[in-house]
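Each chain is listed here by its residues.
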Amino acid sequence: MTSADVMAALAALPRGERPYSLDSLEAEMAVSMSLALAGELCVAFDRIRRLEEAVARLEGGEAEAFRARQADPEEAAIRQAEAEAMIARVLRLVLDARPALPRPSLAALG
Amino acid sequence: MRVRDTRHDMLPKTTPDDVSRQQAVVALRRVLNSKLYGRNSVYYETEGAPQFAAATGRAPQSFGEVEAAYFMSPHYRMWSALNRSAQEMLWTAVGIPIVRSSEEMAAAYERLSTAPDRLGALHLNGDLVKEATIDRVDVHLQPGGYTLDRGDHDVAAGAFYETGGNMYSFGLGGGKGDSKSGCAIRWLEARAGGVQPRRILEIGCSAGAATAHYAAHFPDAEVHGVDMGAGLLRYAHARAESLGVPVIFHQMDAGDLKFPDQSFDLIVSHNLLHEISGNTRRAMMRETFRLLAPGGLTLHQDVPLRLETNSLVEAVGKAWDVRFNNEPYWLTYGAENVAADLTAAGFPDVKEVTLPKLDAPGGWYAIVAEKPASSDHAS
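Here the protein sequences line up with chains A and B, keeping their order.
Number 64 in my numbering belongs to position 64 of the first sequence; there are no gaps in the numbering.
Number 1187 in my numbering belongs to position 187 of the second sequence; there are no gaps in the numbering.
Hint data in this document are derived by calculation from the structure and do not stem from the laboratory.
Which residues of chain A face chain B? A partial, calculated answer using Cβ under 8 Å:
#1 Leu-13
#2 Arg-15
#3 Pro-19
#4 Ser-21
#5 Ala-36
In silico negatives: residues of chain B with every beta carbon more than 12 Å from chain A:
#6 Leu-1011
#7 Thr-1046
#8 His-1123
#9 Thr-1309
#10 Thr-1343
#11 Lys-1351
#12 Pro-1361
C-beta: ideal position from N, C-alpha, C; glycine also.
Same shape as in the complex, but just chain B (with noise of 0.2 Å):
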């Protein structure tokens, strides 16, 4: 199953125009990515440093200096405002279909989500207390943010998230062939043994396009994603139906998910370390060991944001999209150990993996382990 681009009945309609504006955005972010922000680096030593050496007499030496060295570059401002309103125009080419077809949406929603030959279950807890951060934030700019919900039927965060998801993806040079679940996939079947999970659970399932593609990869597998935005998760159990994959979705949290010990032997994520809290993030991974089963494995997988291989200079120039792109937990995940969260949460051998990308440049980082086939760690 293609996991990007894939046509499915809960997707907006577009008009001929929207696809041609959806495509603008596509070729600016690609210029601006493959073209201008390189450049970043030689504006910051020729023009920013300057500019602050002579202002104060010394180098920028804090975070915060040299953040602010950085904007006195003429050049680095304009690509600052460039790659911000291209994120606002992303949305807004994505959104215009959306807002237009919402009404289709919900009619959409409500048939497959109430069909009497439906393969999966979506369970929301309309009691979940979210956490603040992320449900205040628009992260990504996406508007109304992941916990947006106007409704029983809103299901515009997960159109949301999957249209402007793929854009943002294209934009960075991956193809439609690109897919987290799917290098996830290959790294798991790589390994000695293969993999054969029986039961798999995605936390962080955001639009339910990987959820879906482990349902339709491991047929003989029941296979549970968990969110906590609820129109999210009604976009994904819906999408699921149209692909006709059976996933049953659940509204939890990720540090406390309600689930009996020893419930799975495949667990995963995709792109959620650097969406959360250092503590939800810790929380999660006590969850992965208590619910893995005996010899279950676990993959987290995320972008390759590791602040300690950087110099100063390079964080700061990566650290743009904690204020520009509202990321909150950006510069949390990049400088801390994610890998030791899961040797805390009981992991003996964990191992840091570059997973090579299907249909981009590059690769993701990943963090995997194995819960011991004799542990009696399970709390």
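Next up, chain A with everything else stripped away, as it sits in the complex (with noise of 0.2 Å):
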């Protein structure tokens, strides 16, 4: 069983009415995806912890001096690019600004 094969079994459990909170069905969803991002983005810390960890018994050092490990000046000018990179990525939407096109709709039609 894949890994998505176990969310489509866990997904077809639950029962009844979900209740919404916020005035946008949209604004929940996205809130609740945000939260779940958050909650995978603390399984990645965790697996970066344990791979510095490793590393660092690898070279017979401690994890601590392993993270406090200060870039050389080229690799941090690497890293910021990169950074700024992923900035721009997530931006998408913002710095690729356009004029809106209205969705179908009844007051469109008159």
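Take the two lone chains and join them into the complex the hints point to.
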């Protein structure tokens, strides 16, 4: 069973309606997805920490010292550029702003 | 025996990522409970109630109006959305290893429930008519509900209940040493004369964690647990076998217990009162009286939700769980005099007590009573 199969099987179990709290259903879904992403980020952080500890053990040092290691100037510049690229990807819709085309609606039909 | 986070063969196998995901949800719920929940009353006063007054020209008065006023506060709406989402995330976090381990858990159930040297027993009743509300609702949002039963080896309901319950408790600030049965045993043993039960019944035993604890703590007693969910009971039975404690589990309705009169000298329930209707609860109290031997004790423990001590605004704030966490009888339990049910059942001296938690802030509410030694009320 793949991880996607597991999620599909799990999603088939709950019953009943889902009460919403916010004025917009779309906003509530976005909040829920953000919260889930925060949870997945915690999972990723835990993995990074385990990897740091493994690397530190291989090097015969302490994980804390490994984490405290500063990037040299050249590496720091590369990381900065990568961070900017990632932020640009996140803000793509804002950076690539265009005039809005209304969605189909009764109001648009007049 | 530790009740929370106990290792046994029925638990789903977790990966490090599963554990990280569960810890993230615990952390999220701890922040929501300790940092945000307490602000809701402030948001009601500063945002909700003023907006209600602006719209209607008066203060909210009824339960429904106060509830509507709460939801006029944008901060309350956001807390509510986050809290609901966190509860769904809890079931996802425990559900992933449960679904992934379903074949292994079914195999463990088969091995433990058919072992020639098993200590306890399991009596299922496929003809049991279950209380419709509980049967049809995913109480606490547990996927599939307490009565999830997809075949004769389905133990998922028990796995959800135990692993989800642990996370729920930890998210409220509880530690791994927390135990409702532990609180009850400590209270019972502190009574004058202590307690040495020979036959114990737990009503609404769910995944059997407390039942197994009673069996381990009172090794000379015969311990029975009843619940209406077959999936819960299969899991509870195999869990007890894995832990090496003898428990006899039965599929029964709490208000219609098929045991002879005076069968037990200790009858307990844990967090059951808020899960059942008033009618079932009153029937259960009558059954408790009938089933206790003269001189026997009963203790029913639950959450400290006594709405008569709250203002309307506080009561509505505590009622969030009804709609958003599928707790159909939350208000019924909180508003009704459950101690009076024991009195009406025949117990002459019913006490309401607080059981301090073992490894968590606060205490549990409990009603306790003793059946008179000379009682001839058995029906």
